[in-house]
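Mind docking chain B on chain A? Use the hints.
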Amino acid sequence: MRRGWLRWAIPAAVLPVLALLAYGFWTNPREIPSPLLGRAAAPFALTTFDRAPLALEDLRGKIVLLNFWASWCIPACYDEAPALERAWQAYRDKGVMVVGVNVQDTEEPARKFLARFGHSFPNAPDPKGHVAVDYGVYGVPETFFIDRRGRVRFKHVGALTDEAARQRLDSLLEEPS
Amino acid sequence: MIRVLLTVLAVSTALTGIAGAASPVDERVVHDVAAQLRCVVCQNLSVADSPSETANQMRQIIRERLAAGESPEQVRAYFVQKYGQWILLSPPKEGFNLLVWVVPFVGLGAGLVLVAVVLRRWSRKPAAVPPTPVDPAMRERIRREMSGGPRP
Chain A
1 MRRGWLRWAI
11 PAAVLPVLAL
21 LAYGFWTNPR
31 EIPSPLLGRA
41 AAPFALTTFD
51 RAPLALEDLR
61 GKIVLLNFWA
71 SWCIPACYDE
81 APALERAWQA
91 YRDKGVMVVG
101 VNVQDTEEPA
111 RKFLARFGHS
121 FPNAPDPKGH
131 VAVDYGVYGV
141 PETFFIDRRG
151 RVRFKHVGAL
161 TDEAARQRLD
171 SLLEEPS
Chain B
1 MIRVLLTVLA
11 VSTALTGIAG
21 AASPVDERVV
31 HDVAAQLRCV
41 VCQNLSVADS
51 PSETANQMRQ
61 IIRERLAAGE
71 SPEQVRAYFV
81 QKYGQWILLS
91 PPKEGFNLLV
101 WVVPFVGLGA
111 GLVLVAVVLR
121 RWSRKPAAVP
131 PTPVDPAMRE
141 RIRREMSGGP
151 RP
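Read top to bottom, the protein sequences are chains A and B.
Take the first sequence: its position 153, counting from 1, is numbered 153 in the working numbering, and each next residue is one higher.
Take the second sequence: its position 92, counting from 1, is numbered 92 in the working numbering, and each next residue is one higher.
Just so you know, not all the hints are guaranteed correct.
Unchecked claim - Reference listing, derived: stretches of chain B covered by chain A, where coverage requires no fewer than 3 residues with Cβ under 8 Å from a Cβ of chain A: (1) 44 to 50; (2) 95 to 101.
What the hints assert, rightly or not - Dumping the calculated DSSO-like pairs for lysine-lysine here, alpha-carbon to alpha-carbon at most 30 Å: (3) A:K128 / B:K82; (4) A:K155 / B:K93; (5) B:K82 / A:K62; (6) A:K155 / A:K112; (7) A:K112 / B:K93.
Hints are computed from structural coordinates only; laboratory data are not their basis.
Positions of the beta carbon are idealized from the N, C-alpha and C atoms, including for glycine.
This is chain A alone, in the form it adopts within the complex:
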């Protein structure tokens, strides 16, 4: 019967398309793997809000928690701010440096943000977005964990929690220096 081949040809054509759509819909479009993981962290040289130089080069040999934030980033940046200070206080004597990079912001609200949370780790504005693009930042907040050898090892998108910070920093501290 001639009709026979159409009976399987139609499902055969439709099923792969459905499978492709299903794959597409089940993939989280926000979960984009960073191509930077495992690669050398891009160097930067900024000036902190306290007018001190802040360069990644000078932090060689330390584990760096690099956090990108903005004062207008509500609520995620406000949610994670206390956790950042706690991580700094807990790990500063263990060879960990917490660094904040303020992106797409203006100075006054950024300073208010830092004062509100009493951040005591270095924070620097990135007025032209060079550092943000060098780290492939999509939005704020994003946090990068750089190991002692200066390689980007983890990327955390969204508000950082105490647990997430501890887990990553501990795993990097366990590595032989």
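Here is chain B on its own, set in the frame of chain A:
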């Protein structure tokens, strides 16, 4: 007089040359590169089309890199290196991405084949209808009437 004119000409040519070397980047090239890049904070907008601050900064970075002597391909590669291929609005024609480029044409071809097959079947259908069986009495009556025999 001619010598003066020539000198003026030479000097102005030299000046134009210097000005040319130091001239700002061709904005059309900046736009061209920006149009290929996805604005990271937008939905389906290119860096060229987005009014966002992020896109503005990215356009400035493109401008700076071109001014520093990079080719448009190198600038594009820089963004791909930082963001992955996701940053490109049209996926490169390789690997899994090929599906995006091939499937529409395969679909179109399959659709045309289907239409052709269906059309052929429709046009053949009347011929395929089997003749209606006629009982012998009716056949005999037709034969009689066709031959012009006397009506009963």
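Practice problem: Enumerate the violated hints, using their earlier numbering and listing them in ascending order. | Solution: 1, 2, 7
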